[in-house]
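Q: So the chains spell out like this:
Number of protein chains: 2
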Amino acid sequence: MGETILLPARRGKAVRMKRDARIHVINLHGQQVVDTWALNADDPDEVMSMEHTRSCLDKLSPTAGDSLFTNRRRPILLLEADTSPGVHDTLLSACDEDRYRLLGFKGKHGSCTENFHTALAALDMRVARIPSPWNMFENVLIGPDRGLAISPPVSRPGDTVTLRALMNLVVVFSACPMDIAPTNGLDRTPRDVQLRLE
Amino acid sequence: MGETILLPARRGKAVRMKRDARIHVINLHGQQVVDTWALNADDPDEVMSMEHTRSCLDKLSPTAGDSLFTNRRRPILLLEADTSPGVHDTLLSACDEDRYRLLGFKGKHGSCTENFHTALAALDMRVARIPSPWNMFENVLIGPDRGLAISPPVSRPGDTVTLRALMNLVVVFSACPMDIAPTNGLDRTPRDVQLRLE
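Which chain is which? The protein sequence lines are A and B, in order.
For what it's worth, my numbering labels the leading residue of the first sequence as 1, then goes sequentially.
For what it's worth, my numbering labels the leading residue of the second sequence as 1, then goes sequentially.
Keep in mind that a hint or two might mislead.
Unchecked claim - Just the calculated beta-carbon pair ranges, DEER-fashion: (1) A:151 with B:63: 20 to 30 Å; (2) B:144 with A:19: 34 to 44 Å; (3) A:151 with B:80: 48 to 58 Å; (4) A:128 with B:160: 44 to 54 Å; (5) B:72 with A:74: 38 to 48 Å.
As the list claims (entries may be wrong) - Once the Cα atoms are required to be at most 30 Å apart in a straight line, the calculated BS3-like pairs of lysine-lysine come out as: (6) A:106 with B:106; (7) B:18 with A:59; (8) B:108 with B:18; (9) A:106 with B:108; (10) A:59 with A:18; (11) A:108 with B:108; (12) B:108 with A:59; (13) B:59 with B:13; (14) B:13 with B:108.
Treat the hints as calculated values from the structure; they're not laboratory data.
We treat Cβ as the ideally placed atom computed from N, Cα and C, and that holds for glycine.
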């Protein structure tokens, strides 16, 4: 049951969810990172915040059963279930044009930041400053010297994250267009993701 | 030479800095955490961002010689010198009323979030959503399970962080009012900090 939505490789999608609705994020090919944001539907100044989530949970990253929190320390999404190994990132910013330029790419490159703004615009919403994303399936290693290294995801085809809305909200997903760093696997090929809204 | 500014315990202060100006943050008593933000003076939608700083540096936390970056991946502050052991936090949100309420405090409690907004208002500036702070001198331990624990600072009386402005900016400091967790040392007593503007 429910509505199936394709999140095409390199693109974003904003979805309205009523409180208690569920959405399943299905990593069809296994190694696609999905940058994720959530906003209070009634007040886009209240947003899911990685720094508040870390502070509220006293952990670097939420795991199954944990909530994610807004900048007002209210739970906004419940990470209800996760069939993946549970490796997701809360540390890195969404990619943007400047990230690709700094990596040496010439010309226009799609990005999670652009996807965020475009997806919200499709719902007639606008947020000037992009909140810190929850990078589902992104595998960021922390070295003994506290260096950070992006490694290929450890998730597998069909791995599914189930989120429950804890308020009326807008959730935004971006199938990360990174094709230079191994964010989306060693083949550096962004792929489709499936969303299923219950 | 230069102007000496007292940052009183539990309070905040916003300071305008021209490009290339320096400010020294002197931890008079040794264990006072100083939440720090920076904004482009000409466009408060461009702010120092911990997630962009981590992404640009590929490390959890800047160390002496590193720049801190904005949400447009431009360097905004140079961490020019640091006589402390170099332990600063980029992970946790600024404290706020809700943080104290969740810790069991009844009534009104000052917070870094309130200090941020009040300090900016004194310069006729307003930022709706507080950016992620750079928590100077805050000692957050990461456990093997990726749990986070606030420990007393390892900085000592007189330890000084020197910052150089890399654009015309407004920098905001808050002498964190935390007196429940050991953020500001085991005696849980917020104390004064000295700022010296060059």
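Q: Taking the hints in turn, state whether each one holds.
A: Against the structure, the hints come out as follows:
no., hint, result
1, A:151 with B:63: 20 to 30 Å, "holds, 23 Å"
2, B:144 with A:19: 34 to 44 Å, "holds, 36 Å"
3, A:151 with B:80: 48 to 58 Å, "violated, 32 Å"
4, A:128 with B:160: 44 to 54 Å, "violated, 35 Å"
5, B:72 with A:74: 38 to 48 Å, "violated, 29 Å"
6, A:106 with B:106, "violated, 56 Å"
7, B:18 with A:59, "violated, 38 Å"
8, B:108 with B:18, "violated, 36 Å"
9, A:106 with B:108, "violated, 53 Å"
10, A:59 with A:18, "holds, 28 Å"
11, A:108 with B:108, "violated, 50 Å"
12, B:108 with A:59, "holds, 27 Å"
13, B:59 with B:13, "holds, 28 Å"
14, B:13 with B:108, "holds, 20 Å"
Taken one by one, the earlier hints fail for this structure at numbers 3, 4, 5, 6, 7, 8, 9 and 11, listed in ascending order.
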